[in-house]
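Chains as they are written, first to last, in the working numbering: chain A, 3 to 506; chain B, 6 to 329.
Just so you know, the hints here were simulated from the structure itself, not pulled from any lab data.
Have a look at the derived ranges for each label pair, beta carbon to beta carbon: (1) A/210 / B/140: 51 to 59 Å; (2) B/205 / A/402: 34 to 42 Å; (3) A/24 / B/118: 19 to 27 Å; (4) A/297 / B/140: 17 to 25 Å; (5) B/27 / A/403: 23 to 31 Å; (6) B/133 / A/20: 23 to 31 Å; (7) B/70 / A/297: 33 to 41 Å; (8) A/463 / B/140: 50 to 58 Å; (9) B/133 / A/402: 28 to 36 Å; (10) B/177 / A/297: 32 to 40 Å; (11) B/127 / A/403: 37 to 45 Å; (12) B/127 / A/24: 26 to 34 Å.
Note that the structure is predicted; figures quoted are calculated from it, not measured. Each residue gets a CB set at the ideal place from its N, CA and C atoms; glycine is no exception.
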Amino acid sequence: MRFAFLVAWREYEENARTKGFWLGILLVPVIIFFSVQVPIWLETKGTPTRQYVLVDQSGTLATVVESRLEMSHQRQVLSALNEYARRQADGHGAAPPLLEEFINQGGQSNFLAQLQPHLKPGAPPFKSPRRAFQRAPEPSDLSKLSDLAALAQGLKPYLRGEKQIEVDGQSVSLAAAILIPRDIEQQVVRPKGKSPGGTGIEYWSGNLADTKLRDEVEQTVNTEIRRREYLLRGMDAAAIREVEQTYAPFASLNPKKQPGQEAVNTTDIIKQWAPSAFVYLLWVAVFAIVQMLLNNIIEEKSNRIIEVLLSSVTPGELMTGKLFGIAAVGLTMVGSWILALVGILFWKASGVAGTSAVTGQMLTVLYSSSLIPMFVVYFLLGYVMYAACILALGSVCNTLKEAQSYMGVITMVMMVPLMTMTFIPKDPNGVLARVLSWIPLYTPFIMMNRAMADPPLIDLVGTLVLLVVSAVGALWMAGKVFRIGILRTGQPPKLLEMLRWLKR
Amino acid sequence: MNNQSPATGTPLELRGVTKLFGDFRAVDDVSFSLTAGCIHGFLGPNGAGKTTTIRMILEIIKPTNGSITVLGESSALKVRQRIGYLPEEKGLYKKMKCWAVIAYFATLKGLGRGAAKRCAFELLERYGLKDFATKPTDALSKGMGQKVQMLASIAHDPEFVILDEPFSGLDPVNQQVMEDIIRDMAKRGRTVLFSTHIMQHAERLCDRILLLAKGRKIFDGPVAEAKRIIPRRVRIQTGDDITPLRELAEVVSLRPLPRATDELGSGAAANWELELRESGDPQAILQACFARGIRLLSFNQSDPTLHEVFVRLVGPDAKEASFR
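Could you build the full structure based on these sequences and the hints that come with them?
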């Protein structure tokens, strides 16, 4: 065993010295960090206020659109103020106001005035979030144009970025132009009515991906048009609005939860989907590490080091050493990923607008569930299963190129849990999930995916026993193939020949 | 390296060892034993079964039949810490530093990590590789890499060392270094078994040789005894009739030799080679020449070389090996 440990230690030490190892360790946390942070940065800092030109020849819609966009901005301000109060104020126990209430009571200045006595000493001043959209005046050279088509033509160079518009004495890019025709009322499409024709409201923008402004405008205009339609037909718009706001309460309840706490909340949804994240992590970890193992064996075999090693250690010791050494490398990497994930969740939970509640719930799920212990068990067993196949494969191949063709088959087999990853949580105890769970090659991934769905005990214990037995069996077979294959040169053996080795 | 007491007893004994690969008989009923503290040459043409025998000795592969005793044990793995091995196919971990490779193999042979490291640096310094100690092995030339591997195989100061083709791929200077390492080990009472195709090395280094051909042992004994297999020869140059020499009891055969280019101008003088009986004394030939009035232009007596012994014993199989 001492020699197996020495082999394992060398594997670990040598891998820990490679750039790939450190890149592997650092890259995942960096990716997690940026995938969480970049959208926030983009929202708060990266995305500048987008300027739009609004020409309303009908003269009836511009105000509605503007007030709706202002309302959206005030919603953002209120959210930021609430988060600011949560972090920077003590004993400010009042419930956050509703948006309309907030605006009516004087908005940001009133809110801050009320908060002032409760602010912690040294609290930084509140930074109002940047306005997402701002209406810009029409370029002076186009302001006299009355024909919308000509106006659109004239705005094109601005929208293409070839020209800039003047806003408060500064040159800025124009993000969009909204052109509302004079006869927009006549162009309204009604069911059963004759199509009046016309292009309606024109929304011009070079950025097709960002539809936020377009959606807001479209929704606002249509709400207004419908409101007018109600009036036209002699209907009480206020009553209709009230009716529109009526609903029957609807609650999702989980029969597996304690009485009185059956309501499904965000934590439950996180619980349902968290295993999928772990399946993915498991898959990436197992795949990356067995690949490392394959490279390692091929290197030793092609470098002819294997013979010296085998004069010093038994094939069994060599195999065990490699298995554990590379597993330790893998566990270090995966462990650091999990730590980084938990660290980032902690950091986020400590308070960044909009993320703290969800991340706190994520942490609760991680603490209270058996996800992490299950991950470790399934990682080790899954790794042993696949590593056994790789050890056998690596021992009979002389070059990486030779091994890659066989590796393709293993990769295809390994793709199944990835492909089923999103189906399993929807029916975690269904036939597909149960059948796949009993296939030892898939057990770690599928059972991990079912982890939060309380699978039947027979599935949980039975598949685990089968997995342990299969892993030991796979190791035994790999040991037999490894012992003979590792000294073999020339063409890889046929499958039948390898099966004969098992009898020796 | 420590100076542990030299090996005593029989370091290696093979009895009726056979190895079959399918129907192919790679090693066929081979028996021999080594003498402690001696350098043994393991000779034979390609495919003779040398590497297979070595792998069986080290228990890397198991014999089909027969038994092997290494340092008194039936399994080399039980005494692996007392054995050193340099395989025919040389290779090192490319990214590992030279000292680390030597130290790693030494720890696998039972040395503590600290002792292995010290020993690695000491050996690298002793054999002129000090400057490369902290360099990765892929920065070494082939010869230097081979030296590092040799040092890795002897870092734990084994009692019994097996070297498979230790000279292949080395330049003359490094071959000399390798010879020195082997002699050094023998001087300290270690038993060395090395396989080679280069007869000059075997002739210079070996106390005993072991010759294998087509998986069978065809000679096992001291180098002097091997040379006695080939009759001693005398070469003479004369312009006289040498027929009377045929009648001498010492002479087995007499044949003319082609003239060398620089002798072409020397009149009617011809070169002859006389093969003597095992006990034949070259001095008796000289006396007979004087007695019969044969005037000699030159007289040469020479022992057969190991190369000649090899060619004679191995026969047609030797051709490939002798051109190496």
